[in-house]
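Asker: Residue numbers (our numbering), protein chains in the order written: chain A, 28 to 289; chain B, 3 to 362; chain C, 408 to 584.
No wet-lab data here; the hints were simulated from the structure. Fair warning: there could be bad hints in the mix.
As the list claims (entries may be wrong) - Derived pair list, reagent style SDA-like, types lysine to any residue, alpha-carbon separation capped at 25 Å:
#1 C:Lys563 / B:Glu31
#2 B:Lys355 / C:Thr473
#3 B:Lys192 / A:Glu68
#4 B:Lys314 / B:Gly345
#5 C:Lys563 / B:Leu40
#6 C:Lys555 / B:Ile341
#7 A:Lys66 / B:Tyr228
#8 C:Lys555 / B:Ile7
#9 B:Lys39 / C:Thr473
#10 B:Lys39 / C:Asp476
#11 B:Lys188 / A:Glu68
#12 B:Lys39 / A:Leu39
#13 B:Lys192 / A:Leu39
#14 A:Lys66 / B:Pro189
#15 A:Lys66 / B:Gly67
#16 C:Lys555 / B:Leu40
#17 B:Lys39 / A:Asp111
#18 B:Lys192 / A:Asp37
#19 C:Lys488 / B:Asp52
#20 A:Lys66 / B:Gly206
#21 B:Lys188 / B:Ile176
#22 C:Lys488 / B:Pro111
#23 B:Lys39 / A:Asp37
#24 B:Lys39 / A:Glu68
#25 B:Lys39 / C:Val561
#26 A:Lys66 / B:Lys314
#27 B:Lys355 / C:Asp476
#28 B:Lys355 / C:Asp463
#29 B:Lys192 / B:Arg252
The structure displayed is predicted, hence computed values, not measured ones.
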Amino acid sequence: MSYQDWFRQDRLPHIYCSGCGNGTVINCTLMAVDELGWKEEETVFVSGIGCSSRASGYIVTDSLHTTHGRALPFATGVKLSNPDLNVVVFTGDGDLAAIGGNHFIHACRRNIDLTVICMNNQIYGMTGGQGSPTTPAGALSTTTPYGSSEPAFDLSELAVAAGANFVARWTSYHVKELTRAIGAGMRTPGLSFIETMTQCPTNYGRRNKLRQVTDQVEFMKNHTALRQKLDRMRESGQKVPTDIIAIGEFVRRDRPAMGVRR
Amino acid sequence: MQGNIACAEGAIAAGCRFFGGYPITPSTEIAEHMAAKLPRIDGVFIQMEDELASMASIIGASWTGMRSMTATSGPGFSLMMENIGFAVMTETPCVVVNIQRGGPSTGQPTMGAQGDMMQCRFGSHGDYSVIALSPASVQEMYELTVKAFNLADEFRVPVFLMSDEIVGHMRERIDIPDQVPIIPRKPLQKGTLPFHPDADLVPGFPQFGEGYGVHVTGLTHDERGYPCATSPGLHENLVMRLVNKIESARDRIADYSITNPEAETVFVTYGPPARSVEQVVRDLGRDDIGHLRLRVVWPFPESALKLFASAKQFLVPEMNMGQVAREIERHVDQPVIPIPKLGGNLHSPDELKARLEVLH
Amino acid sequence: MRHEVRFSGFGGQGIILSAVILGRAAVMYDSLYAVQTQVYGPEARGGASMSAVIIDDEPILYPKVTSPDIFVIMSQEGFEKYGAQAPEDATMLLDSSLVHSRPQCRVIEIPATREAKEKLGREIVANIVMLGALVSATRVVTETAIEKAILDSVPKGTESLNLKAMKRGFELARVVE
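Let's have the full structure, built from the sequences with the hints guiding it.
Answerer: Structure representation (structure tokens):
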């Protein structure tokens, strides 16, 4: 079986813009699922609202495309009532960190056995490019026309602090690492949070001097560094530029978890 | 037994094995009882972070085939409206208990009211129909909770048990049957499109984990379950079906009792005011006072009103400003006289008798 | 015959539990009908709390108390709020160690809190002393029924203390009579 067998062929073409990073993340997810040998009938994809959340509809398994921000409590109900199901949540930065922020921290605290994949494109793509809780300070969006004046959330650090058993951050450039991280998350009992920085050429890049898709992918390549390396730099007194994004595995631990297959 | 406990016991008897809730007066005893009981019978109790999440969790659980429930009061009910709409659109069976208290806003947490009757009918956005039951005794808390689960599964719709602080916190005698009737969900026939309705306008249920590979979305969807949000005809047909599967079954869903159908003066009640009227009828010993006592309020059983062929006026005591009286007005030519009561107390029989004096 | 019994005191005295026990005695052990209701505020302790039981030999329709014929009053604030208006043909049992006012109606003074504290060693059973006195003085339920209902309702290990309190209530009411 190939990961491509997991796609609903009759749903194509998808709604994503050309150059969008979400497709890469979906491919990486399905490659990880395929490698793990999960069965279609035992797997459920749950999502909220936004570009990222349309992903669940392109996959052949049972899927629940829910309300804005609420994917995690829906997934909690699915997983706790049938722990034999593998439950994966697709979400985005607006869905997860703004309207769904409270559900996010509580799902991490409960450490429910879910795999949560956040496509963080730092913008509300579907509604036309409004600022989100992860829009970097100074970045332009339709609701931050003079540059965002708010500090951004670090979602992975938040998940670590809230108690998730597995947390990693990669980007849509880091395909192999991302696939491995998703697989590792899926194998870890408890809540696994995999954050993926994702390019949105239409609504983020275009407004922020990253006009070409490749500009944004290059940016993710050049402005990321392993978390451990950044820590070492800080320890040795070196200055880390503020626009460098930490990537890699943030935590892998064994806190008590809920909804684990019996 | 207390009304709230009877509700929880009725749910367990009906096979409810998932409760997601958030504490709120005066409904909390239901959550507490479920928290104590469910883990002992292989069920799941979870206290969610808010009522948005509670409603979401019971919908998620329902898709795995579980009978699921939440319980709340006005402020929490308002928060649930978003996902109640989702349950309607996705045809997810579930039971929502509202132990009503005085509103708006935080209002009177420890006092009874019936102020959410219109909210349960119209509170989420868009056009839709639901089923709402209204118990007047501890016995009915039990029986109507069981009935709520059966209706939810039969019609694939959220069903509301619209109780209130008075009945929820009242303790009285209850007879618990050895067994309750259970009408299970009709499964989807393999090979049928997941949202293709049968003759009763209700599609079979494609339970998660059974290999159906169903996509469930709150977006307007076709019979495959696929989003199709820009076709006017498809949207119209879907919404009309969601409404008609309930409204066309009004008479079948209806549940009421009738006293003195020849009367000219007819009380219409649901919930605790029913008992005030029954007291009046018993005290006065008169057969010229009619009483239509509704256990199902939505869909509104308008044909029951016609059974009072000689009616000259309908009196509607409600613990709100006349929410259901307004509905009755739509269906009859006779005068409809609301008898509103706010503040948390129930209409006393003397008050109603005085009202009758004035009218005669 | 419909009896309406109203209990009032401050939160924490077991005012609601007393009503629950009385209703239970009527329904479970005397085959009567009963409805128990209450009025309460946000306080878990303190404040004036009120609960009521209607006992009848036919099904109870209107579930709220309209004109109580029996009062059990265990605090001054409770008296002022829920007891002062008692009609003349009512019967009132009051905790004479805590309530200094007296009503117009027939009154039975039971120093329940003092008795509970001094004779029984636990102030917490004052409400059970009052319940015993209530049953002895009014016969709204039988003595056997209230005993069984008390045993159903009190925490394990406190049964004999509570039965002693109940019996002390029986005696005190007889002495007053």
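Asker: Does each hint hold? Answer for all of them.
Answerer: A quick look at each hint next to the structure:
1. C:Lys563 / B:Glu31: Holds, at about 22 Å.
2. B:Lys355 / C:Thr473: 14 Å, holds
3. B:Lys192 / A:Glu68: Holds, at roughly 14 Å.
4. B:Lys314 / B:Gly345: 30 Å, violated
5. C:Lys563 / B:Leu40: 24 Å, holds
6. C:Lys555 / B:Ile341: Distance of about 43 Å is beyond 25 Å: violated.
7. A:Lys66 / B:Tyr228: 22 Å, holds
8. C:Lys555 / B:Ile7: Measuring from Cα to Cα gives roughly 22 Å; hence the hint holds.
9. B:Lys39 / C:Thr473: 36 Å, violated
10. B:Lys39 / C:Asp476: Given that 25 Å is the threshold and the Cα spacing comes to 39 Å, the pair is violated.
11. B:Lys188 / A:Glu68: 20 Å, holds
12. B:Lys39 / A:Leu39: 47 Å, violated
13. B:Lys192 / A:Leu39: 24 Å, holds
14. A:Lys66 / B:Pro189: 22 Å, holds
15. A:Lys66 / B:Gly67: The hint holds at about 19 Å.
16. C:Lys555 / B:Leu40: 29 Å, violated
17. B:Lys39 / A:Asp111: Given pair Lys39 (chain B), Asp111 (chain A) holds - Cα atoms ~23 Å apart, limit 25 Å.
18. B:Lys192 / A:Asp37: 18 Å, holds
19. C:Lys488 / B:Asp52: Violated: Lys488 (chain C) and Asp52 (chain B) sit about 37 Å apart, past 25 Å.
20. A:Lys66 / B:Gly206: At roughly 24 Å apart (the allowed maximum being 25 Å), Gly206 (chain B) and Lys66 (chain A) satisfy the hint.
21. B:Lys188 / B:Ile176: Since the Cα atoms of Lys188 (chain B) and Ile176 (chain B) sit roughly 31 Å apart, the hinted pair is violated (cutoff 25 Å).
22. C:Lys488 / B:Pro111: Holds: Lys488 (chain C) and Pro111 (chain B) sit about 20 Å apart, inside 25 Å.
23. B:Lys39 / A:Asp37: 45 Å, violated
24. B:Lys39 / A:Glu68: 31 Å, violated
25. B:Lys39 / C:Val561: 21 Å, holds
26. A:Lys66 / B:Lys314: Not OK: Lys66 (chain A) and Lys314 (chain B) at ~66 Å, beyond 25 Å, violated.
27. B:Lys355 / C:Asp476: Since the Cα atoms of Lys355 (chain B) and Asp476 (chain C) sit roughly 22 Å apart, the hinted pair holds (cutoff 25 Å).
28. B:Lys355 / C:Asp463: 22 Å, holds
29. B:Lys192 / B:Arg252: 30 Å, violated
When held up to the earlier numbered hints, the structure conflicts with 4, 6, 9, 10, 12, 16, 19, 21, 23, 24, 26, 29 and fits the remainder.
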